[in-house]
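Please take these sequences and the hints and turn them into a complete structure.
Taken in sequence, the protein lines are chains A and B.
In terms of the numbering used here, the first sequence is numbered consecutively and its last residue is 154.
In terms of the numbering used here, the second sequence is numbered consecutively and its last residue is 135.
Everything labelled a hint here was simulated from the structure, so no lab data went into it.
Just so you know, not all the hints are guaranteed correct.
[To be verified] With a straight-line cut-off of 27 Å between C-alpha atoms, the simulated DSS-like cross-links for lysine-lysine are:
(1) B:Lys92 <-> A:Lys99
(2) A:Lys51 <-> B:Lys127
(3) B:Lys26 <-> A:Lys99
Here is what each chain is made of, one letter per residue.
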Amino acid sequence: DSGVTQTPKHLITATGQRVTLRCSPRSGDLSVYWYQQSLDQGLQFLIQYYNGEERAKGNILERFSAQQFPDLHSELNLSSLELGDSALYFCASSVTPGTEAFFGQGTRLTVV
Amino acid sequence: QQQVKQSPQSLIVQKGGIPIINCAYENTAFDYFPWYQQFPGKGPALLIAIRPDVSEKKEGRFTISFNKSAKQFSLHIMDSQPGDSATYFCAASRYGGGADGLTFGKGTHLIIQP
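This is the structure:
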């Protein structure tokens with residue numbers, strides 16, 4: 043167990059809908075990362091937060107947004123969902139940027 | 022554009038053998054090269070990492086070899102065990118460490134046969 047908690051574990055939703063994925067980082071970790079894992083694209087970096095502020099952006103679509111709250115948990119919001127958004131979404135956390143990060147078990151999103 | 026190319030896609034090795042997984046990168050700004058191990062139903066876990074100022078790093082049975090001029094790096098697993106069966110990902114970053122902006126390879130599905 044990495045100490046990073048992601049909820050829900052599985053999510054099935056219809057095209058056009060909006061979902062929120064939640065991540066609780068390890069105790070004491072200030073940095074949170076979101077990654078998407080799909081069969082065709084592999085693991086892709088989406089976005090990083092550090093102590094509540096956005097720090098880096100990767101291949102995150104405009105339909106997706108995220109935030110890190112004062113208690114350091116993070117949420118990834120996915121809207122206007124398409125079939126191609128079906129993937130595993132991983133959250134990782136680290137004490138600070140540049141230090142070892144630990145991944146959660148992921149949320150498997152299926153868009154039908 | 023795939024910035025980190027990983028091969029092979031899958032690999033079967035007998036117990037005790039030495040599986041070798043290779044990665045090549047394009048961006049010379051990368052300065053941190055980790056390997057991750059992922060078991061089914063789990064998230065990736067950091068296995069070992071190297072920076073471009075060294076050519077080799079060993080941690081237990083895992084070794085990274087790094088060739089800066091060729092822009093290639095590889096993972097060797099010594100005395101492989103069935104418990105090493107997993108998917109292995111190489112990655113690269115230009116942010117110096119952690120999970121900051123990692124670019125991952127496509128992964129290698131490794132099976133160690135008893």
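Right, here's what the structure says about each hint:
1. B:Lys92 <-> A:Lys99: holds, 25 Å
2. A:Lys51 <-> B:Lys127: holds, 23 Å
3. B:Lys26 <-> A:Lys99: OK: lysine 26 of chain B and lysine 99 of chain A at ~22 Å, within 27 Å.
Taken one by one, the earlier hints all hold for this structure without exception.
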